[in-house]
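Student: Each chain, letter by letter, is given below.
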Amino acid sequence: MKIVVCIKQVPDTTEIKIDPITGTLIRDGVPSIMNPDDKSGLEMALQLKDEKGAHVTVITMGPPQADLILREAYAMGVDRAIHLTDRKFAGADTLATSHALAGALRKIDFDLLITGRQAIDGDTAQVGPQIAEHLDLPQVSYLEDLKFDGDKTFTMKRHIEDGYQMLEVEAPCVVTVLSSANTPRYMNVGGIVDAYQKEVEVWGFNEIEVDEKDLGLKGSPTSVHKAFARGLKPAGELYEVGTDEAVGIIIKKLKEKFILN
Amino acid sequence: MNLEDYKGIYVFIEQREGIIQNVALELLGQARKLADELNDKVYAMLLGHQIADQAQSLIARGADEVIVVDAPELKEYTTEPYTQAICQIINERKPESLFIGATTLGRDLGPRVSARVGTGLTADCTKIEVGENGEMLMTRPAFGGNLMATIVCKNHRPQMGTVRPGVLFAMDADESRTGAIVNYEVKFNAAKFRVKLLKTVKEDNNLIDITEARILVSGGRGIGNKEGFEAMDALANTLNAEVSASRAMVDAGYIGHDRQVGQTGKTVRPDLYFAFGISGAIQHVAGMEDSDLIIAVNKDKYAPIFQVSDLGIVGDAKQIIKKLTERLEKQN
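Protein chains in written order, with the working numbering: chain A, 1 to 261; chain B, 1 to 332.
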């Protein structure tokens, strides 16, 4: 079986803070990481490799520094890494991003394409299903688990709000994986050294199969009208008092707001 | 694409087992406001099997026309039949804008539809307004809730957005409203149905929807352990409230994901939100800051939760919960 995993380098948004004076994002010192949902997707692929001997390719689209997550993927055990990078891809929204990735994926033979459900910098959950559409493949999003029958049929467990669905799909297909699906393995120590000896294939527009008008800023139907820090309302009263007094203050407030009689 | 040809605000009505989901009514309520501002109409797309009897209720909730697609292929949601149905409606009727609830269903359907018709989709909107030129201004959180971005879809139609449940307001049912109900036939291409639904399993029938609660007693790291949550339960009982939590407590396994408030959980806006031992990371605040009254208790007086609370108490959350419960029990 051949598996391709789409991964993305993202700022660790849990480390981002807002400057309380200017209201702007403090990005200094915020580490870049492999997106958590993608990493679980990669782990799922590596487990299939361990069990069934799959060949695993990772692909990322991003600036030169995104090379780092491809090296990390090598150290975790993938067989091939492709870095999709070109100025023509710049300024892409989710649709244009999905076109570029689909363009690259047309050049790769696979049975299963895995993406993370969503990236923590955008939280859109769109690129996976959009790639599936461009490639005319069935999709299963919010994937928690997957079993392969060894021939061509997958049984999948898809998370929904109040439970789950069991679905059956034949290869080739696209899945988007939740980070709760598994715990990704650590990089192996020998693997980290070897990761830098291995070749990362760098692909640009000329290496992929896509209409140029669908790419980058030109290919993006959406644009940012404005961006702003979340406006917080002014802070309310603050008391530093003993427990009894504090409880009294809370009860008074509840009566004031007619929550208590 | 001639933008002038595109008219109407279309709302996807999510139903599960024939039950219309709240988020659909919230979308209808918002669509009604936008349509009144634009002098346009609201179209509700009701897809499913043997669901037509619910169409009238959607008119009462703000629709001018209900497009009913009743087909066995749509009995339970799978991506392809629903995508085909919505895309046929888009291609034939040319909506100006189209909104879908940002549920696990909507977030599966939305991107597939947007890619098939080649238009933009703004995910997880928390606000939709009309811009100067009648365009939709769709605002959503980005960078894990650290930043808000207003997105536009200038030259493509329909302007599509998914909207988080619990952030928009449904209108009260107005039975005097009138509107049309249209049965719409979809020509399915069954050759493309390649995902087979084997079964849908409900894991817990006792799940409650914290977005419906008027009072939430919410706990974070400062609550510490199981005993802390039991104390919160007792307090919630005296107030007829529900218990919710920050992500840390869900990850630690003290409480289910269905009760998680925040960016990766639910957006709530109860009359009263108690934040006990919750530091107030932006990811949490994003899910509760619109609550009417926020009372926070935290032992760190610099905790960011105090920047959004109406009443802040610097102190031990566990002790205060215990004492407050005793006082309220006495009152009752």
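It is possible that part of the hints are untrue.
Taking beta-carbon pairs under 7 Å as the criterion, some of the chain B residues facing chain A (in silico) [said to hold, decoys possible]:
| # | residue |
| --- | --- |
| 1 | ASN146 |
| 2 | LEU198 |
| 3 | LYS323 |
For the record, the hints were derived by calculation from the structure and aren't laboratory data. Beta carbons are placed, not taken as given, at the ideal position from N, Cα and C, and that holds for glycine.
Student: Work down the list of hints and note, for each, if the structure agrees.
Tutor: Each hint, compared with the structure:
no.: 1; hint: ASN146; result: 5 Å, holds
no.: 2; hint: LEU198; result: 4 Å, holds
no.: 3; hint: LYS323; result: 5 Å, holds
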